[in-house]
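K.L.:
Here is how the chains run, residue by residue.
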Amino acid sequence: MISDDTLILYSFGDELDEAEQRRIAAALAGDAALAARYDALISALPQPDTLPRLDMADGFEQQLHDLVRAAASSPAVGVMPARRRRGRWLLPVFAVAATVFLAVAINLAPDSPGVIESPPTRAATVEPSVRLERGLRAYLVSARAELASLPDQPSTARTTATERLIIKNHGLMSTADALRAADRSRLLRGFDPLLRELASTDTGASRASDLREQLSFEMQVVLTKLSAAGSNSV
Amino acid sequence: MDIPPLHRPSLDEAAFHNAISESAEQWFAACLRITRDRDLAQDAVQDGLLNAWHKRGQFQHDAELATWIHRIVINAALQLLRSRGRHVWGEETGEMVDTQPGPEAAAASDQFSKDLNRHLRRLTPIERLCFLLRHFEQWRLKEIAAEIGASEGIVKQAVFRAVRKMRADMGALRRQA
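Chains A and B supply the protein sequences, listed in that same order.
Read in our numbering, the first sequence has 208 at position 208, and its numbers run on one by one without any break.
Count along the second sequence from 1, then add 1000; that gives the number in our numbering.
Hints are computed from structural coordinates only; laboratory data are not their basis.
Check each hint, because a few of them may be wrong.
With a straight-line Cα cutoff of 20 Å, these simulated SDA-like cross-link-like pairs (lysine to any residue) come out [as the list claims (entries may be wrong)]:
(1) B:Lys1165 / A:Pro46
(2) B:Lys1165 / A:Tyr38
(3) B:Lys1165 / A:Asp39
(4) B:Lys1055 / A:Thr160
(5) B:Lys1142 / A:Glu18
(6) B:Lys1156 / A:Ile2
(7) B:Lys1165 / A:Gln47
(8) B:Lys1055 / A:Ala72
(9) B:Lys1156 / A:Leu41
(10) B:Lys1055 / A:Arg69
(11) B:Lys1156 / A:Tyr38
(12) B:Lys1156 / A:Leu45
(13) B:Lys1156 / A:Glu15
Could you build all of it, start to finish, from the sequences and the hints given here?
P.N.:
Here it is as structure tokens:
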């Protein structure tokens, strides 16, 4: 008798060898009860077009376009570069991605990371400066979590994850500048050289560990100050 | 006055922009199903896209570019899960355990559970991940096993349990109807 487990493997199309696939296909064609059992098994499985739509945040697609545009604009980034020169290649990334992140950061300023973002109508009624503070807090909380999980050894994972933090950092800096929140901009600017050094593949494990610790500490200090100052301070 | 040169995308870049326009939603949806966290899913798509750009010389044109990038963003999602310590292998049972549920992850999980409640609600994390990768992402069982660091047997059993649970749920729904 052909088991349900074998029928499941058959349904995938590429888990059984050709002879077995043909044998089961022939059995299904010749046995109505087996075919009915197979249909019942497969009909229980969700199909992609029956899953609920999972919408991206507003502006996210544009952010992806700008990410590629920024990466393509950098003269120092070739095809799978073995090592990145410290800092220089990131400048075009900042120039393009930061200006886009300005809009995204304001609109996507949740109270804490991982919370599903507010719909646009609610966000539109909140002061931009308040949204900046919220965005800043959310960024600092998530950045500290990200830093805690980074590997110390030079790696693509460490570089890519840190690049992402740099882009977010610059986006919030641009937002702060636009809102004339000089103190916030200054705080974020202070993180930039440390993040750039952490992103570089020239930075060894020991120094990376120190950088992660320093960034985490300084971000916690800022978070504490933000909490003490209250959400409406700029 | 100097006018900055117009940015003219290279063929590679244009192809990436087309892929984003066509498939970014699918990449995001796939990552969200795996990570169950919107922020992580967005990070995974960005990481994957950057990785794909840097590796574009390795694209062999034996599939659609968007499909190739899709695989890379899925890998990025799995990498983020590992790096955030969200799922840990229990060596004896081979079961994945969610070590850091956290309030935000629980809230996101509740929301996600509402969305997919009908289909995946009773699955354990490993059953959900193995089922998603096999059924939706078309990964071979041995690929899933290699990616998550488990034996093919464990992955196979997780998929079988997932299907049995969903079939049981479907049967219960029909009886209620």
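K.L.:
Which of the listed hints are not met by the structure?
P.N.:
none
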